[in-house]
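A.B. asks: Work the whole structure out from these sequences, hints included.
Read off the chains here:
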Amino acid sequence: MKKFAYEFVLLGLIGVVLASAAILDPLFLSQNVQLELSSEIWELGLLTLGMTLIIITAGIDLSVGSAMGLCSVSLGLCMHANLPAWLCGLVCLLTGLAAGAINGTLVAFIKVHPLLVTLATYGMYRGFAEGLQSATTNAPVDASDGIKSIVTGGFPVIPVLFTALAVWTAILLRRTAAGRGLYAIGHNEEAARFSGIPVARLKFLIYTYTGLLAALAAICYSARRSATAEAGMVLELDVISAVVVGGTSIYGGRGRLIGTLLGVLLIHETRQFVDWYWQRSELTLIVIGTLLILAVLGHRFLFSRNPQTQ
Amino acid sequence: MKFRREGSLLVLVVLLSLLAMLFDSSFVPDNALDILINGIPTMIIACGVMLVIVTGEIDISVGSLLGLLAAMLGLLSSTVSPGLSVHPYLAILIVLTVGTLIGLGTGCLVVFGKVPSIIATLGLLIALDGVQDWLMGGGDIKHFPQQLRNLGTGTRIPVNLIIAVLVVIGTGLLCRKMAMGRRIYAVGSNPSAARVAGISEAKIKLFVFALTGLLTALAAILWVAKLGNVSTSTGAGLELKVVTCVVVGGVAIRGGRGHLLGVVLAVILITMIRTVLNFMDLGSEAVKWQRAIEGVMILVAVTSDHFTQQQQTGGSA
Chain C
0 MKKFAYEFVL LGLIGVVLAS AAILDPLFLS QNVQLELSSE IWELGLLTLG MTLIIITAGI
60 DLSVGSAMGL CSVSLGLCMH ANLPAWLCGL VCLLTGLAAG AINGTLVAFI KVHPLLVTLA
120 TYGMYRGFAE GLQSATTNAP VDASDGIKSI VTGGFPVIPV LFTALAVWTA ILLRRTAAGR
180 GLYAIGHNEE AARFSGIPVA RLKFLIYTYT GLLAALAAIC YSARRSATAE AGMVLELDVI
240 SAVVVGGTSI YGGRGRLIGT LLGVLLIHET RQFVDWYWQR SELTLIVIGT LLILAVLGHR
300 FLFSRNPQTQ
Chain U
0 MKFRREGSLL VLVVLLSLLA MLFDSSFVPD NALDILINGI PTMIIACGVM LVIVTGEIDI
60 SVGSLLGLLA AMLGLLSSTV SPGLSVHPYL AILIVLTVGT LIGLGTGCLV VFGKVPSIIA
120 TLGLLIALDG VQDWLMGGGD IKHFPQQLRN LGTGTRIPVN LIIAVLVVIG TGLLCRKMAM
180 GRRIYAVGSN PSAARVAGIS EAKIKLFVFA LTGLLTALAA ILWVAKLGNV STSTGAGLEL
240 KVVTCVVVGG VAIRGGRGHL LGVVLAVILI TMIRTVLNFM DLGSEAVKWQ RAIEGVMILV
300 AVTSDHFTQQ QQTGGSA
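Those protein sequences? They're chains C and U, same order as listed. Be aware that the first sequence starts at 0, since it is given in numbering that gives the first Met the number 0, and climbs by one per residue. Be aware that the second sequence starts at 0, since it is given in numbering that gives the first Met the number 0, and climbs by one per residue.
There may be inaccurate statements among the hints.
Unchecked claim - Which bits of chain U does chain C cover? Going by a derived footprint, with three or more residues having C-beta under 8 Å, they are:
hint, segment
1, 101-114
2, 121-133
3, 238-249
4, 287-295
Unchecked claim - Heads up, incomplete: computed chain U residues facing chain C, CB under 8 Å, no partners named:
hint, residue
5, Ile117
6, Ile118
7, Ile252
8, Thr274
9, Leu298
10, Val301
Hints were generated in silico from the structure; no laboratory data involved. Since the model is a prediction, treat every value here as computed from it, not as a measurement. Heads up, the beta-carbon is just placed ideally off N, CA and C, and yes, glycines get one too.
C.D. replies: As structure tokens, this is what we get:
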């Protein structure tokens with residue numbers, strides 16, 4: 000039980016948010032409202048799956064939101080050309096894969112610091128998304144019926160897909176050699192290399208996986224709203240916040256997927272409730288920013304006896 | 000080969016000017032001053048952020064902080080409601096103080112709270128943006144007293160440019176000639192050696208974060224003075240531009256290495272790219288690709304840098 004102490008703290012915090020919601024405005028907790036508001040959580044959730052792996056290796060990916068925008072535009076272009084839904088989806092996934100692979104190549108094989116790589120691609124992917132959009136359709140493209148039916152159809156494709164990917168990622172982290180390799184890289188990359196862990200290959204794969212997840216998130220977003228270069232704007236902040244609030248150390252080597260999922264839930268419910276009850280977006284920003292700092296402070300004071308210095 | 004990086008940046012600046020001169024021979028004389036003036040906020044803040052990065056930390060809250068301080072200056076000095084018509088010099092003093100205190104607070108979070116600086120400043124980036132929106136209540140702030148505007152639109156002498164040059168010279172002296180500057184580099188290149196040498200890591204880091212706050216406040220004042228307008232999006236995204244300039248300028252993201260001269264050239268280069276792209280008039284299509292072109296250039300700068308470094312250190316990363 001002690002092992003999951005921080006996760007229980009997160010659960011407690013989620014409880015506090017929901018309890019205050021129940022007192023202030025019980026309507027927020029009703030099934031319809033929660034279902035309505037839950038549509039955004041899947042995009043955040045998908046991206047955090049990859050980000051958790053990356054941060055565990057002491058890396059970071061600032062470009063996820065921009066990659067999502069680029070994927071969304073590529074999806075829009077295909078829909079604009081009236082291609083069948085499966086082909087649109089495939090092009091979108093390939094775009095995400097390519098975006099992730101560029102990050103991965105630079106980080107893993109050319110060994111540029113991930114903060115620098117993704118800072119550059121953050122601007123670059125968004126720039127390409129904006130350029131492509133204004134050079135072709137010049138406006139957001141409404142989702143075609145084929146894409147829309149993924150989200151609005153009777154079968155909950157997105158939640159099921161998310162759950163499957165989350166379970167797969169958790170098993171990867173906890174039960175496979177590759178997962179242990181990721182923790183080893185985060186603890187001490189040099190040592191990991193000497194003990195025969197394929198450091199470069201693992202790093203390349205997790206950045207590429209994150210690109211793929213960005214494409215999936217772009218499909219969710221585009222189906223829910225429309226295919227546009229705006230997709231995923233500033234989402235990277237929420238993604239990193241959720242992973243860090245979930246107890247993953249930004250220095251690498253420590254973190255669990257269950258923590259991330261609780262972090263996503265906490266950020267999502269806090270954001271939605273503050274938005275819903277006070278209708279003030281600026282208040283939401285203040286609350287989320289403070290929550291992020293307090294979570295890291297709290298984790299340090301409660302759980303780490305000998306704080307890890309850099 | 001000490002100034003290898005500075006040399007290659009200078010070559011790029013010259014090449015870019017020549018390229019623009021191909022299209023119009025009067026490009027440089029006409030636009031040089033504009034380019035320098037447009038780069039002022041980035042330059043001033045980059046001086047502080049560079050020192051933070053040299054100590055091995057990072058500050059990504061400067062964009063939101065600039066927005067917040069600009070809004071604060073607006074509310075204090077604007078002559079039209081909701082402005083309070085405070086005397087502009089008093090308003091400036093208050094803004095500088097608040098900026099320094101927020102910077103100091105960030106430093107305390109990092110030094111005493113032991114929150115990793117990227118997370119602490121990410122939290123502040125989000126939260127301060129919220130505070131800015133809350134202060135402004137949605138509308139733009141306009142109508143500033145003339146004394147304040149004179150700082151940015153000085154009739155003959157560009158006061159803001161002189162201030163920026165003074166800040167750069169001051170930072171350069173700090174780095175090269177003062178004990179504090181040596182200590183900043185010492186903390187960044189080898190923290191444990193610095194500790195053994197009796198340097199207080201905490202004091203140094205508090206100093207650089209507070210200085211960054213102060214410089215951000217200064218940049219906010221000049222920003223408002225020049226544009227005479229504050230909106231809720233003021234300062235958004237500036238932190239990435241500043242960090243990009245510092246890194247392209249050759250400051251090592253892991254701390255301990257980097258020259259101010261490189262950062263100055265990088266600010267000029269990155270400010271120039273947009274002006275030149277605008278100027279070359281490649282047709283309306285090209286304008287839409289500006290951000291993409293900028294992104295590619297930054298990626299090339301960051302990556303090529305790595306190749307040259309690898310050669311120097313014999314291949315080890």
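A.B. asks: Indicate, hint by hint, whether the structure satisfies it.
C.D. replies: Checked hints:
no. : hint    : in the structure
1   : 101-114 : holds (count 4)
2   : 121-133 : holds (count 13)
3   : 238-249 : holds (count 4)
4   : 287-295 : holds (count 9)
5   : Ile117  : holds, 6 Å
6   : Ile118  : holds, 5 Å
7   : Ile252  : holds, 5 Å
8   : Thr274  : violated, 17 Å
9   : Leu298  : holds, 4 Å
10  : Val301  : holds, 5 Å
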